[in-house]
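There are 2 protein chains.
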Amino acid sequence: MTVDNGVNVQALLEAREVLKGAPEAAQFVWRASSKWDNGVHSTTKVEKFFGLGQEQSHKSETVFAADHPEVFAAEDNGITPIEYLLVGLAGCLTAGVASVAQNRGIQLRSVEATVEGEHDIRGILGADSDVRNGFNGIKVVFNVDADATKEEIEALVAQSQKRSAVFDALTNPTDVTVEVA
Amino acid sequence: MTVDNGVNVQALLEAREVLKGAPEAAQFVWRASSKWDNGVHSTTKVEKFFGLGQEQSHKSETVFAADHPEVFAAEDNGITPIEYLLVGLAGCLTAGVASVAQNRGIQLRSVEATVEGEHDIRGILGADSDVRNGFNGIKVVFNVDADATKEEIEALVAQSQKRSAVFDALTNPTDVTVEVA
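Going down the list, the sequences are from chains A and B. Under our numbering, residues 1 to 181 are what the first sequence spells out, in order. Under our numbering, residues 1 to 181 are what the second sequence spells out, in order.
No lab work stands behind these hints, which were simulated from the structure alone. Hints may contain errors.
Stated by the list, open to error - Listed next, the in silico DSSO-like pairs over lysine-lysine satisfying Cα-Cα at most 27 Å (straight line):
1. A:162 with B:35
2. B:20 with A:45
3. B:59 with A:162
4. A:150 with B:35
5. B:48 with A:45
6. A:139 with B:59
7. A:162 with B:45
8. A:139 with B:45
9. B:59 with A:20
10. A:59 with B:162
11. B:48 with A:59
12. A:139 with B:150
13. A:45 with B:162
14. B:35 with B:20
Because the structure is a prediction, the values reported are computed rather than measured.
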């Protein structure tokens, strides 16, 4: 039986070899641009990025709303900004599971994940300076149905985590500079 | 002139005082649930969360697609997972600017931000073990039109950063556990 999870692993392995000899082509820049609407409601658009030495574009622009929920005395016109981190984490780890499964010849039938981020909001409210602003911890639980043993599935998830851009971005510090034009 | 940026600062200040004496109510849990579609394409839904001691819900469920772009040999059915981190950062810092401006009596006319995340993809491809998987750095540039001096606007943005959940989550490590059910 041919394993097909829809991931072109051959292309990725070739890209790895090409980029080993062309590190400048591996330098990507991802971009988002946002506009304030009113209150804590804003709209962010994602379309263009840079990579492989030139400007690139998604097939289309995607528009995202961010707001705070009504329990924060806001209008809930979109999800809370910090929830976007959970969306990114779920997507990244799931993509990794599919890619690693393809590379290891494991046919996936279904992959589901639930992500929970614990957040003590006393930090952002300035109610307690010992409480951090961000998550106190994040827990991801995968349910994977595949032609594989439990151990093989656990190894898939572990390898996905090891190669995940978003997992790294959340578990290790990134330098973020914020300027006024 | 009454300053109105649409942020109910009074409610937030009251919440701060209430939560100082009721830390258990300040414990929020944000949630996302994802399903693999095919390849590196997945769909993530956000609706419910926990806070103020009980189950809460956004007004409606929001659905997000994540995929990789065509230059990664994928189908570009949605933005790349790591781009969701930039969406969250833009939304969080913008909400902060509006909130701090309201608290300081500064009327905003417009707030725009561009966010760029530098990403050396040799990390995720496994082409160079010295390259991290996540962003090498993130740069945010704000354009703010407000009844305020440049210094006051810079102070708004600095205070937003200081209180930002997403800024903290990206610049400091978070404990993330990943399990198979």
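Tested hints:
no., hint, verdict
1, A:162 with B:35, "holds, 20 Å"
2, B:20 with A:45, "violated, 37 Å"
3, B:59 with A:162, "violated, 36 Å"
4, A:150 with B:35, "holds, 19 Å"
5, B:48 with A:45, "holds, 24 Å"
6, A:139 with B:59, "holds, 24 Å"
7, A:162 with B:45, "holds, 24 Å"
8, A:139 with B:45, "holds, 16 Å"
9, B:59 with A:20, "violated, 48 Å"
10, A:59 with B:162, "violated, 36 Å"
11, B:48 with A:59, "violated, 31 Å"
12, A:139 with B:150, "violated, 41 Å"
13, A:45 with B:162, "holds, 24 Å"
14, B:35 with B:20, "violated, 38 Å"
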